[in-house]
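**Student:** Use the sequences and the hints to build the structure in full.
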Amino acid sequence: MSFYVESRRRRYAASVVLAGLAAFPLLAQALDQGFYVSLMSRVLIYALAATSLNLVLGFGGMVSFGHAAFVGLGAYTVALLTSAGAVSAWVAWPAAVAVSALAALFVGAVSLRTRGVYFIMITLAFAQMLYYLIVSLKTWGGDDGLPLAARNILGAGIDLKDDANFYYAVLACLVATLLLVGRLIRSRFGRVIQGIRENEARMEAIGYPVFGYKLACFTIGGALAGLAGALLVNQTGLASPNQMFWTQSGMLLVMVVLGGVGSLYGGALGAAALLILEEVLSGYTIHWQLGVGAVLLTVVFLAPHGLAGLATVVARKRHG
Amino acid sequence: MTQLVLEQALNGLQFGLMLFLLAAGLTLVFGIMDMINLAHGSLYMVGAYIAASVAEQSGSFVLAVIVAVGATAIIGALLELAVLRRLYRRDHLSQVLATFALILVSNEAVRMIWGDQPVMLAMPEALSGPVEIGGFMYPAYRLLIVVVGVVAAASLYLLVAKTRLGMWVRAGASNREMAQAMGVDVRRLFTIVFAIGAALCALAGALLGPLLAVQVGMGESILILAFVVIVIGGIGSVRGALVGSLIVGVSDTLGRALLPTLLREIVPLEIAASLGPALASILIYLLMATILFWRPEGLFPARA
Amino acid sequence: MAEHAQAPLLQLAGLVRHFGGVYALNGVDLSVERGEIHALIGPNGAGKTTLIHHISGAMHPDAGSVRFDGADITRMAMHTRVAHGLARSYQITNVFARLTVFDNIALAVEARHGGGDETQAVIERIGLAGATGVAAGALSHGEQRQLEVGLALATAPRLLLLDEPLAGMGPEESERMIELLDHLGRDMTLLLVEHDMDAVFRLADRVSVLVAGKVIASGLPDDVRADAEVRRAYLGDT
Chain A
0 MSFYVESRRR RYAASVVLAG LAAFPLLAQA LDQGFYVSLM SRVLIYALAA
50 TSLNLVLGFG GMVSFGHAAF VGLGAYTVAL LTSAGAVSAW VAWPAAVAVS
100 ALAALFVGAV SLRTRGVYFI MITLAFAQML YYLIVSLKTW GGDDGLPLAA
150 RNILGAGIDL KDDANFYYAV LACLVATLLL VGRLIRSRFG RVIQGIRENE
200 ARMEAIGYPV FGYKLACFTI GGALAGLAGA LLVNQTGLAS PNQMFWTQSG
250 MLLVMVVLGG VGSLYGGALG AAALLILEEV LSGYTIHWQL GVGAVLLTVV
300 FLAPHGLAGL ATVVARKRHG
Chain B
0 MTQLVLEQAL NGLQFGLMLF LLAAGLTLVF GIMDMINLAH GSLYMVGAYI
50 AASVAEQSGS FVLAVIVAVG ATAIIGALLE LAVLRRLYRR DHLSQVLATF
100 ALILVSNEAV RMIWGDQPVM LAMPEALSGP VEIGGFMYPA YRLLIVVVGV
150 VAAASLYLLV AKTRLGMWVR AGASNREMAQ AMGVDVRRLF TIVFAIGAAL
200 CALAGALLGP LLAVQVGMGE SILILAFVVI VIGGIGSVRG ALVGSLIVGV
250 SDTLGRALLP TLLREIVPLE IAASLGPALA SILIYLLMAT ILFWRPEGLF
300 PARA
Chain C
0 MAEHAQAPLL QLAGLVRHFG GVYALNGVDL SVERGEIHAL IGPNGAGKTT
50 LIHHISGAMH PDAGSVRFDG ADITRMAMHT RVAHGLARSY QITNVFARLT
100 VFDNIALAVE ARHGGGDETQ AVIERIGLAG ATGVAAGALS HGEQRQLEVG
150 LALATAPRLL LLDEPLAGMG PEESERMIEL LDHLGRDMTL LLVEHDMDAV
200 FRLADRVSVL VAGKVIASGL PDDVRADAEV RRAYLGDT
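Protein chains in written order, with numbering that gives the first Met the number 0: chain A, 0 to 319; chain B, 0 to 303; chain C, 0 to 237.
These are calculated hints, taken from the structure and not from any lab test. A portion of the hints provided could be inaccurate.
Sample of chain C residues at the chain A side, in silico, Cβ under 10 Å [as the list claims (entries may be wrong)]:
no., residue
1, 79
2, 89
3, 98
Note that CB positions come from ideal geometry on N, CA and C, so glycine has one too.
**Tutor:** Shown next as structure tokens:
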């Protein structure tokens, strides 16, 4: 492993996928399958959320089991602001990012004092705390959640109520996030957090303020999760406590591992694979979760490096 | 007021003891095998479902509890042999994922067998009324739970503190390599511990069945509480699990019952009405975060 | 700062640390002068590695003080000490096993915002120029020990704490490491914990003896070797 080697082939594959994604709404509309545009928006939003978790988990080495809380906070921020009249995406979405970042900063500052399984558990506890807090706040809808009256206003003549336009907005956010994370992990900051993942004690011993770097990484991950939440509430039209329940955090972890921990596109790949698998299985049986569980077990036991790892192995074999 | 506090304290004790039944297995599995098992809550659910089915068929609550405990112990042992033992040497992340997958699988399996709707588990007729203790009335069934919980906790203590099996368990929890060097058959020990943990889960599930709804997803909420318990108590420590269970059980129950009332005394009614339940519902998580802030390894760290 | 120029580079006074009821450090006094190679010897369990942990900042003492270059650093965080010029290596090799030799050293150089040329220079100095692109985990034991020292060296320390750099090495590897340490000693101050007595008496300007958490003797190698108490307590003479 080296920080200084970058796969050109992977970059090429990414541009092909991007072109395909850009053409997707046109294709779906031509085939009169508009429903799939909405489904793909959901896939891309979760791709963004999983990518943000992968920054924390895969590059920072922190097994955060409460990431869905930051997604949920972003969703609630947008729903609350919109109902208070701040309907512009340019206000509500950055606010969601800021709120989630602040929450992550606080949660991280406390949680990062602990190690290993205690860290997993305390992040889980904080997320559950937020979940129950929101469930019990009747003014914010409690169990039922907080509906979003209408999608946010983007301006420039782009109406997000149109599913295709919303899809492109989501795609733009995802691409921007991937570019940002890609740059970040290749920067000095990225090398440092990966060094910490590899050997935290030694990083401290060669002069890095480890705690600060981990906290920064955790906070950036939370901020990006807030953006995913802002998009999610626009997609579903509802900020719901269910989006914050611990099983949602589990699902995000599943996506990251399925796609590839510590691989730039791992989160996105995993989100797409899991949601499409769900969609396909649920077409055949109401017991589709059985299939998801089985696939997940197979991945843990047979492909511990996820789909991205599998792709690398296949590529290596093909190219000798 | 005093009666309310007493009654709620008893409820808290009862809840705490049931939490202990779950947490004990969880903390042992974690302490000895260094393994996070999210599917522990699923065994609790399975135990409750089996108890409901047996009670429905036979009409005997006692038989239902016994069958549920025995069957779940066997299921737990099979699960350990088939899946979990492959995970001991993997990292925590893999364990989280694999056992998360087991939750999905067992939830769907339960749905396929028992359907989507919650099933009823009736409490024994004879215990459905209240009894008088110390001048106030308390539901007989809840009292039974307290008694069974105390007996189970005491038996577990005797098992861990006084038997050869318990000595192996303690040796395994504090130093696995040493236990192996002492000639403990660690593989068999793990299976046994897992079966015992599963049996305790089923006991809690069967006993709580009549009070809570027996339904898919019942394991997930209580699982997190059991994790809070063992993290507060110190992972791997049975004593810590007991203390943690009682702290969580009592403070959660008392918090829910009393906080809204207490808040009404100090803040305006409309604020108290929304703040009270909110505060009560996050109380134990605040407690856990506070304890971990001061003692990052819990109250009774098992390993020095 | 002028008054500090004459003070020892490192000065430990009354350092105490107990774990439970056991005193690992029982009032350690030690001073390391500028420019010297100072060897710390003592039987197993004397507290040598614990002492290194306390000097480097991985652990903090229950009582006593650590002064570096005249300043009290007893409570200072480990990474801040590194920035002040106090670096350590580990007894059990503790490198970034999955990273290449280059990335290992580059990380340490980057910690003080140094550049790529310095990385190359450090790699050459520790004799690993032929293995720049090799993953650290794939190096031989001796090479990993060289990298271990290199990681500390790359932080450009004024005082280098070396915890048994010769641990587990064959005669040839040891010879290479001793030469490396000899060279380093010309540019910086070394505090060397080592079991290999040949190496200690070849390299050290001064030697201190740690027994049961206390320094029982400190002085020139020959004097320490001749010290009766040291012979009794440590070298096993009767």
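**Student:** So, for every hint listed, does it hold in this structure?
**Tutor:** Checked hints:
Among the interface hints, the one on residue 79 of chain C holds; its C-beta lies about 8 Å from the nearest C-beta in chain A, closer than the 10 Å criterion. The interface hint given for residue 89 of chain C holds, since its Cβ lies 8 Å from the closest Cβ of chain A, which is under the 10 Å cut-off. A cut of 10 Å between beta carbons decides the hint on residue 98 of chain C: the least distance to chain A is about 6 Å, and the hint holds.
In this structure, none of the earlier numbered hints is contradicted; all agree with it.
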